[in-house]
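As they're listed, the protein sequences go chains L and P. Mapped onto this note's numbering, the consecutive letters of the first sequence carry residue numbers 6 to 311. Mapped onto this note's numbering, the consecutive letters of the second sequence carry residue numbers 192 to 474.
Keep in mind that the hints were calculated from the coordinates and are not lab data. Bear in mind that the values here come from a model prediction, so they are computed numbers and not experimental data. Note that the Cβ used here is the ideal one computed from N, Cα and C, for glycine as well. A hint or two may mislead.
To be verified - Some residues of chain P that are not near chain L, with every Cβ distance over 12 Å (derived):
| hint | residue |
| --- | --- |
| 1 | Glu249 |
| 2 | Ala253 |
| 3 | Ala304 |
| 4 | Ala372 |
| 5 | Ala375 |
| 6 | Pro399 |
| 7 | Glu434 |
| 8 | Glu437 |
What the hints assert, rightly or not - Now the in silico label distances, taken between C-beta atoms and shown as ranges:
| hint | chain 1 | residue 1 | chain 2 | residue 2 | range |
| --- | --- | --- | --- | --- | --- |
| 9 | P | Arg282 | L | Gly156 | 45 to 51 Å |
| 10 | P | Arg331 | L | Glu104 | 37 to 43 Å |
| 11 | L | Arg118 | P | Arg410 | 29 to 35 Å |
| 12 | L | Leu268 | P | Gly257 | 29 to 35 Å |
| 13 | P | Glu244 | L | Arg233 | 25 to 31 Å |
| 14 | P | Pro247 | L | Ala105 | 50 to 56 Å |
| 15 | P | Thr446 | L | Asp101 | 45 to 51 Å |
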Amino acid sequence: MARSTGLAGPAGATTDTTRGGNGTAGPARAVVAQTPAAHPGTGKAVPMTAGHAHDGAAAPDAGPVAEVVRRVRDTLEQVFTAVAETGADTSALLADVSEADRAPVAADLAALRPGLRARLAALPLVSGVGFVAAPGLLADVPGCLEWWQRGPGGAVRPLLLDLDPEHSAYSDYTHWDWYTLPRETGRRAVAGPYVDYLCSDEYGLTLSAPVALAGRFVGVAAADVYLRHFETAVLPALLRLPVPARLVNARGRVAASTDPAHLAGSLTKGPDFAAVLDGPQAEHHAGGLRLVPCGGVPLVLVTAAR
Amino acid sequence: MRPNGRPDGGDRAPGAGTARKAAFTPVDTRARVDTVVRRIADAIELGLLADGEQLPGETELAGQLGVSTVTLREALMALRQQGLVTTRRGRGGGSFVTLPDSPPEDRLRARLADWSTEELRDLGDHWAAVSGTAALLAARRTQPGDLRPLTRTVDELTAATDPATRGRLYGRFHVELAAAAQSARLTREEIALQTDLGALLCLVLDDPSHLAVLSDRHRAVISAVQDEADERARTLAETCVRESVERLIALRLATPGRAAEPRSEEDTHGQEHRARGARRGHH
Numbered sequence: 006m007a008r009s010t011g012l013a014g015p016a017g018a019t020t021d022t023t024r025g026g027n028g029t030a031g032p033a034r035a036v037v038a039q040t041p042a043a044h045p046g047t048g049k050a051v052p053m054t055a056g057h058a059h060d061g062a063a064a065p066d067a068g069p070v071a072e073v074v075r076r077v078r079d080t081l082e083q084v085f086t087a088v089a090e091t092g093a094d095t096s097a098l099l100a101d102v103s104e105a106d107r108a109p110v111a112a113d114l115a116a117l118r119p120g121l122r123a124r125l126a127a128l129p130l131v132s133g134v135g136f137v138a139a140p141g142l143l144a145d146v147p148g149c150l151e152w153w154q155r156g157p158g159g160a161v162r163p164l165l166l167d168l169d170p171e172h173s174a175y176s177d178y179t180h181w182d183w184y185t186l187p188r189e190t191g192r193r194a195v196a197g198p199y200v201d202y203l204c205s206d207e208y209g210l211t212l213s214a215p216v217a218l219a220g221r222f223v224g225v226a227a228a229d230v231y232l233r234h235f236e237t238a239v240l241p242a243l244l245r246l247p248v249p250a251r252l253v254n255a256r257g258r259v260a261a262s263t264d265p266a267h268l269a270g271s272l273t274k275g276p277d278f279a280a281v282l283d284g285p286q287a288e289h290h291a292g293g294l295r296l297v298p299c300g301g302v303p304l305v306l307v308t309a310a311r
Numbered sequence: 192m193r194p195n196g197r198p199d200g201g202d203r204a205p206g207a208g209t210a211r212k213a214a215f216t217p218v219d220t221r222a223r224v225d226t227v228v229r230r231i232a233d234a235i236e237l238g239l240l241a242d243g244e245q246l247p248g249e250t251e252l253a254g255q256l257g258v259s260t261v262t263l264r265e266a267l268m269a270l271r272q273q274g275l276v277t278t279r280r281g282r283g284g285g286s287f288v289t290l291p292d293s294p295p296e297d298r299l300r301a302r303l304a305d306w307s308t309e310e311l312r313d314l315g316d317h318w319a320a321v322s323g324t325a326a327l328l329a330a331r332r333t334q335p336g337d338l339r340p341l342t343r344t345v346d347e348l349t350a351a352t353d354p355a356t357r358g359r360l361y362g363r364f365h366v367e368l369a370a371a372a373q374s375a376r377l378t379r380e381e382i383a384l385q386t387d388l389g390a391l392l393c394l395v396l397d398d399p400s401h402l403a404v405l406s407d408r409h410r411a412v413i414s415a416v417q418d419e420a421d422e423r424a425r426t427l428a429e430t431c432v433r434e435s436v437e438r439l440i441a442l443r444l445a446t447p448g449r450a451a452e453p454r455s456e457e458d459t460h461g462q463e464h465r466a467r468g469a470r471r472g473h474h
């Protein structure tokens with residue numbers, strides 16, 4: 006996440022397509038091996054051919070494609086695990102405070118720190134992790150990010166934000182996609198790629214999940230993955246594909262690419278990627294492109310259709 | 192700053208907000224004294240450093256800013272002459288922020304007088320290059336939803352009543368524009384530019400007619416980006432920036448009693464400043 010707020014992040018963000026709620030990994034599904042009859046197409050504005058027998062499980066590149074999907078899913082699922090742990094810690098902490106019959110204050114969130122530091126130490130892919138309180142949750146401050154991040158030298162440090170609207174134009178963090186998507190959908194989400202000028206000034210993804218107390222939304226648990234680290238994690242698998250390929254989010258924003266003509270940050274226009282992600286876990290074709298959703302995480306593998 | 196919405200602040204001093212952190216990031220080796228003076232004075236003007244607040248010790252502050260203690264002492268001397276810092280000796284001593292009683296606009300004008308017109312022109316060129324390219328790239332990389340933050344910022348800018356808030360929102364628009372360009376580097380560049388420009392822009396945003404023009408221009412940038420008209424977006428963003436800086440330069444020329452002395456040549460080299468006598472503008 007980035008510097009300050011006040012705006013919906015210019016992110017391409019998407020809610021997770023996993024059914025079944027917060028922080029739960031979707032069932033491991035074979036993504037490319039569906040039979041034509043298994044998915045009727047999305048029926049959305051984008052024309053998609055429903056199933057391609059010649060491109061099914063037996064296709065020569067089914068192996069490398071499946072490997073990309075597995076790699077992308079595993080990469081993001083380990084980050085979602087850190088998010089889910091942070092959310093669980095926060096829920097437990099707030100429940101304890103609530104049982105003690107008092108309102109939580111910002112200092113209560115200090116109890117999250119050992120867990121946050123441990124997650125940063127264990128996951129090199131994650132550069133920032135924490136809990137972002139819904140405004141009004143804490144009795145002593147209007148808003149709060151208990152957020153820890155890895156600095157340039159690798160040192161783990163708390164993010165200290167000026168959230169006073171008198172001083173900062175970025176004090177309202179409730180417009181960022183990593184906040185609004187879990188709040189509005191009740192599900193975990195991937196925001197970005199986007200430039201985070203609230204926390205890190207980096208280009209990356211923020212994975213987040215809603216935190217609830219007695220059924221009430223009280224904030225989000227989240228973790229940052231800088232795009233360069235995400236690229237390092239997925240590029241080897243992408244490079245094993247026989248054709249240039251890219252991973253795009255639900256809004257068509259490229260998150261990683263081996264195609265010099267379609268680099269990270271650019272938009273792939275045309276296909277309705279959100280519909281692909283909402284639809285059956287199967288390969289689609291649209292506008293001369295082959296689209297494979299990355300089962301359970303909201304990214305679509307895009308290559309030229311052959 | 193105080194109500195920073197954070198628990199006691201871990202291992203760092205409470206209230207080191209991001210903008211404040213920016214104020215204490217290392218400055219480059221050119222024009223160090225002037226840069227340090229501007230940084231700290233801007234932080235005071237923008238309320239990032241509060242009246243009466245104690246500055247870190249000389250060694251620590253020099254370290255944070257990446258300058259020598261000699262340079263820092265020169266800068267503190269200039270700040271004392273501007274009345275923005277008071278230094279007390281002895282036990283419980285140190286340098287403290289003092290807000291002079293003069294109206295903020297007078298103080299900002301004094302700050303503006305520390306810039307030469309050439310420096311302001313160059314700052315404007317740099318800013319136009321960054322914002323112009325940001326607008327161009329944003330137009331090529333825009334998608335539905337990317338522009339909501341910018342629209343909200345222009346709405347808030349139009350409604351804002353005090354120049355300081357307007358200055359912050361003006362800066363935020365350009366940071367958001369660079370973020371919409373999907374460029375972390377351009378975004379960081381805009382943030383750094385706002386460190387120099389933030390306080391000064393308050394001066395040109397005091398004029399309601401200019402504010403109205405600016406709001407319209409910013410809306411035009413948003414429309415061009417939305418239409419994916421990349422060159423038009425670039426030209427419009429550059430025009431926004433140039434007009435504001437031209438106004439600043441006009442104000443600078445109209446600011447009396449601050450005729451510039453020649454700058455010492457060390458300003459443009461990487462060497463340490465010699466101790467200088469009364470600094471330009473502070474006698």
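Would you pick out the hints that fail for this structure and give their numbers low to high? When the structure is compared with the hints, numbers 4, 5, 9, 10, 11, 13, 14 and 15 turn out to be violated.
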